[in-house]
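Letter by letter, the chains look like this.
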Amino acid sequence: MTSNNSTNGTHSANNSAPVKDVSMVDLNNIDENTKNITQSLSQMNIDNPNELEPQPIMRNKSTLIFDDDDEIPPYSNHEEHASDIISDSGDEATHNTNVNYNTSNGQEQSQVDAASQEKMHQPQQRAPQQAQQQQTSNIMVPVDITWQQGGEKVYVTGSFTGWRKMIGLVPVPGQPGVLHVKLQLPPGTHKFRFIVDNELRFSDFLPTATDQMGNFVNYLEAVPRTHPDASLQQTHVANDQDGKLRQDQQQQQLSQQQAQKPAQPQGVTESNKSKKYPRSARSQIAFEIEQEPDDLGDGFTRFREEQPLKAVLEYTQDIPAVFTDPTVMEQYYLTLDQQQNNHQNLAWLTPPQLPPHLENVILNNYSSSSSDNSQNTSGSLPIPNHVVLHHLATSSIKHNTLCVASIVRYKRKYVTQILYAPLQ
Amino acid sequence: MHNNVNGSSVDVEQELALNAIRQVLKSKTSYDVLPVSFRLIVLDTSLLVKKALNVLLQNSIVSAPLWDATTSRFAGLLTSDDFINVIQYCFSNPDKFDLVEKLQLNRLRDIERAIGAKPLETTSIHPSSSLYEACTVMLRSKSRRVPLIDKDEETHREIVVSVLTQYRLLKFIALNCRETHFLKKPISELNIISNSTVRSCSMTTPVIDVIQLLSEGNISSVPIVNENGVLVNVYEAVDVLGLIKGGIYNDLSLSVGEALMRRSDDFEGVYTCTENEKLSTLLDTIRKSSVHRFFVVNESGQLVGVLSLGDLLRYILVGSKKE
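Sequences listed follow chains D and C, in order.
So the first sequence is numbered by the UniProt record's numbering: it starts at 1 and just counts up by one.
So the second sequence is numbered by the UniProt record's numbering: it starts at 1 and just counts up by one.
None of these hints come from the bench; they were simulated from the model.
Treat each hint with caution, since some may be false.
Stated by the list, open to error - Only pairs whose alpha carbons sit at most 20 Å apart, straight line, appear in this in silico EDC-like list of lysine to aspartate or glutamate:
id	chain 1	residue 1	chain 2	residue 2
1	C	245	C	277
2	D	411	C	154
3	D	411	C	216
4	C	50	C	13
5	D	310	D	325
6	D	411	C	32
7	C	142	C	216
8	C	51	C	13
9	D	411	C	150
10	C	26	D	204
11	C	245	C	227
12	D	398	C	101
13	D	411	C	266
14	D	411	C	152
15	C	28	D	204
What the hints assert, rightly or not - One-sided and incomplete, this derived list gives chain D residues near chain C with beta-carbon spacing under 7 Å:
id	residue
16	142
17	413
18	418
19	419
Note that the structure is predicted; figures quoted are calculated from it, not measured.
Just so it is clear, CB atoms sit at the ideal spot from N, CA and C, and this is done for glycine as well.
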C-alpha cells in the first residue's frame, strides 16, 4: 500500500502543476503528460514479452492469414515464457502495475493522438518514464498455489520454472493437509503439477488440462489485477482530476463572460475542495490568484488561451446507418473523398493495416508434420493472447474452398474453430 | 471367474487399480482433459465430399464434425465410414459417377439409404459430463469418437467444442493414472480378445472386398495374412481416404496389396502383442505411439486374435466379459 500511495502522490503532484504556474497553458501540458504516460504504458502492454514473441513486423497486411499448407515450419516446442526469477521485490512492481492499468483504461481515447504528442515531449520527463517502463516490464503477479490433498513434502513444478526447479510448499497452520506457497509469476497462463512425497500429482481443486503431450496438468492464468482499495482510490483521484479540469474550464468560460464579477459559486466549491485535499501554500496562492478577476486594472487583462470544450460523449445502442446500409456507406465515403480534395483518392478502399499484435497467428504454429502429430492428438495449440480472440482469420482460397478460423473462449479454455466451406 | 491360485495378489492389485482408474474417469469431466488451447476443424455440410476428403488429408485428420449453416446446428461426424459408404455406392452404381462427383456432405444420408448402411452416428455428450460417461456412450454406440456439444448461453445455439476419441481416453489413462502399472494379469486371462470372429484377407484380395469386410463388420481394420496365417500387414478404414484421394473409381479393381502402396510413409506400423502380455505393457505402448488396435499373434507370428481400443476401454470400465 505504501508504494501505492507514492504513486498517487506523483499523480497529485501532476495535478497541482497548473496551480503552481498560474497560466492556464499548463493545463495543456498536463494533458500531454498524461497522454504520454498512457502511450508508453500501452506500448508496454503490447510489447510485453510474456504475451507475444517478438517478431519481424510486416507492413501492409490487413488480413489475419493462416496457412494450411504443408510447408509449415516445424512446430517449435511450445512452452510458456518460463522465468526462473521468482522476484521477491515484485510486490512493489505489482502494485504499480495495478495503478498503471487503471490509468490506461481510463484514458484509452487519448492514445490515438498520443503518438503525435510524443515529439513535443520534454526530455526531463523521459527519465522517470523509462524507469517506470523498466519496472513494468518485470511485472509479477502474486499467485497463491495451494495443495489441499495431504502429504508430507509437497513441491510445485511447472512451466514457470521450465519444469526443472521444484518449489517447496509450506503447511498452512491450523489446516492439516493444506500446504501453500506464494509465487510471483509473469502474467499469462502457467501449467504446473505437484510433487507430493515423490509422486507427480495434480490437484483436484484447480483447473486442469492436458498439455501437448497429453499429460494432465493444473493451470492458472496470472492476471495483473487491481487491488480493490487501489482501484477505488485511483478512480477517486481520476474523477477528482477530471472534475477539476472541467470546473476550471467552466470557471474560465464564466469569468470570460462576466469578467467584472468574481465567480463566487466556483470559488466556494474550490475552497471546499481545498479543505478536502489540502494544498501546498504555493498552490493555495495560485488558487487565490486564479479567483481574482481577469480585469487587472489599467487596461490589462489576464491572458487566457482558448480551451476547446470537451465534447460530451454518449454511448448508444444504435448502429449508425453508415455501417448497416451499403448505399449510405458508399455515399459517406464518396463525400469523404471529395472533402479530401482527391489527394488520397479512394484511400478508404485500402483496409487499415493489421495491428502488430494480430500478426502472430497461433494456427501457423501448428505443425502438420507427422512426428509431432503422433504426440499432439488433441490438437493442442499455443495459448493465444487475449487480444486475438474473436478475430476472423482466413487462409488463401484453394480449390474453391474458403477456410476461416476464429479463437473463442470456452469457459476457461480457448477453442480455435476452423471452418471449411465452399465458395459459392 | 479367475481361479489362478498363484496370481491372487496380482488379481487383487489389478482390481484395485481398475477401481482407481474408474474413480479418476468418474471424477474428471471431458472438459477437464481438453488442452488450454486447441484447434477444431469443422466442415460445412454444403462442402463437396471430395473437397472434404482433401481437407481431412491436408490436415492429417481422419474425422471432422459437420456444421449445417442453414440451421446453425451440429450435423454429425464425418468419418472414414462415410467414405466407405460412398465407395460401395460407387461400386454398385457405376453409372452414378457424376452424382458422386458433385455430392455434398449433406447428401451422404441418401447414399447410406441407397446402400442400406447404418445411419451416421449423431450421439454427442456435454463437455461437463464425466469421462466415464463419455466411455459408456462410445461403447454403447460402438463409435470410436464422441463429439462434445454445448449450447451457447446467449444465442442458445449449439457449439461443437471438441471430439473425444477412444485413443485419447486410453492415452489419458496410460499417461496419467499411475495405477496402470498394477495391471499385471496376462490379457489371455481377461477374456477380452476377439478371436473367433476375426476377418482377415490376403495381399491379393481385391481392395473392394476388404472395404466390404470393413463395412459389414463395422470394424476399423482388416488384418492381412499370408498363406500360413502369419500376420503381414493391415488394411485400415482410414486407408480408404488415401485410396480415393485421386478420384474414386478407377482404383477399386486394385488388390489390397497394391492399394497399400499408396499409404503415406508415416504409417505407424502394425502393433502386435502375445496373449501373455499384460495390460500395463499395452497401455505403455498406447502412451508412446498412436495405436488403434493390437493384433494378437502366437510365437510364430500367426494371427490369433485382435484387441481393439474399445475392448480395452470396456475392460477398464466394466471388467471382463461375462461368460
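Each hint, compared with the structure:
With a CA separation close to 38 Å, the supplied pair residue 245/C and residue 277/C exceeds the 20 Å bound. Restraint check for residue 411/D and residue 154/C: satisfied, since their Cα atoms lie roughly 14 Å apart, inside the 20 Å limit. Taking the CA atoms of residue 411/D and residue 216/C, the gap is near 41 Å; set against the 20 Å cutoff, the hint is violated. Using a Cα cut-off of 20 Å, the hinted pair residue 50/C and residue 13/C is violated, with the two alpha carbons roughly 51 Å apart.
Taken as a hint, the residue 310/D and residue 325/D pair is broken in the structure, with Cα atoms around 30 Å apart against an allowance of 20 Å. For the proposed pair residue 411/D and residue 32/C, the alpha carbon gap of about 11 Å is at most 20 Å, so the pair holds. The hinted pair formed by residue 142/C and residue 216/C meets the criterion: a straight-line CA distance of about 14 Å does not exceed 20 Å. Of the supplied pair hints, the one linking residue 51/C and residue 13/C is violated, its CA atoms being roughly 51 Å apart against a limit of 20 Å.
Annotation: proposed proximity of residue 411/D to residue 150/C holds, straight-line Cα distance about 11 Å (limit 20 Å). With a C-alpha separation of about 12 Å, the suggested pair residue 26/C and residue 204/D falls inside the 20 Å cut-off, and the hint holds. Distance restraint check for residue 245/C and residue 227/C: the Cα-Cα separation of roughly 31 Å exceeds the 20 Å cut-off, and the hinted pair is therefore not satisfied. At roughly 18 Å between alpha-carbon atoms, residue 398/D and residue 101/C fall within 20 Å of each other, so this suggested pair holds.
At most 20 Å may separate the alpha-carbon atoms for a hinted pair to count; residue 411/D and residue 266/C exceed this at roughly 36 Å. With a C-alpha separation of about 11 Å, the suggested pairing of residue 411/D with residue 152/C holds against the 20 Å cut-off. A threshold of 20 Å between alpha carbons decides the hint, and for residue 28/C with residue 204/D the separation of about 9 Å falls inside it, so the pair holds. Annotation: residue 142/D was flagged as interfacial toward chain C, and the flag is violated, the nearest CB pair being 21 Å apart, outside 7 Å.
Below 7 Å, beta-carbon pairs count as interface contacts, and residue 413/D has one with chain C at about 5 Å; its hint therefore holds. At its closest, the beta carbon of residue 418/D sits 5 Å from a beta carbon of chain C; the interface hint therefore holds under the 7 Å criterion. Because the beta carbon of residue 419/D sits about 5 Å from the nearest beta carbon in chain C, less than 7 Å, this interface hint is met.
Violated hints, in rising order: 1, 3, 4, 5, 8, 11, 13 and 16; the structure is consistent with all others.
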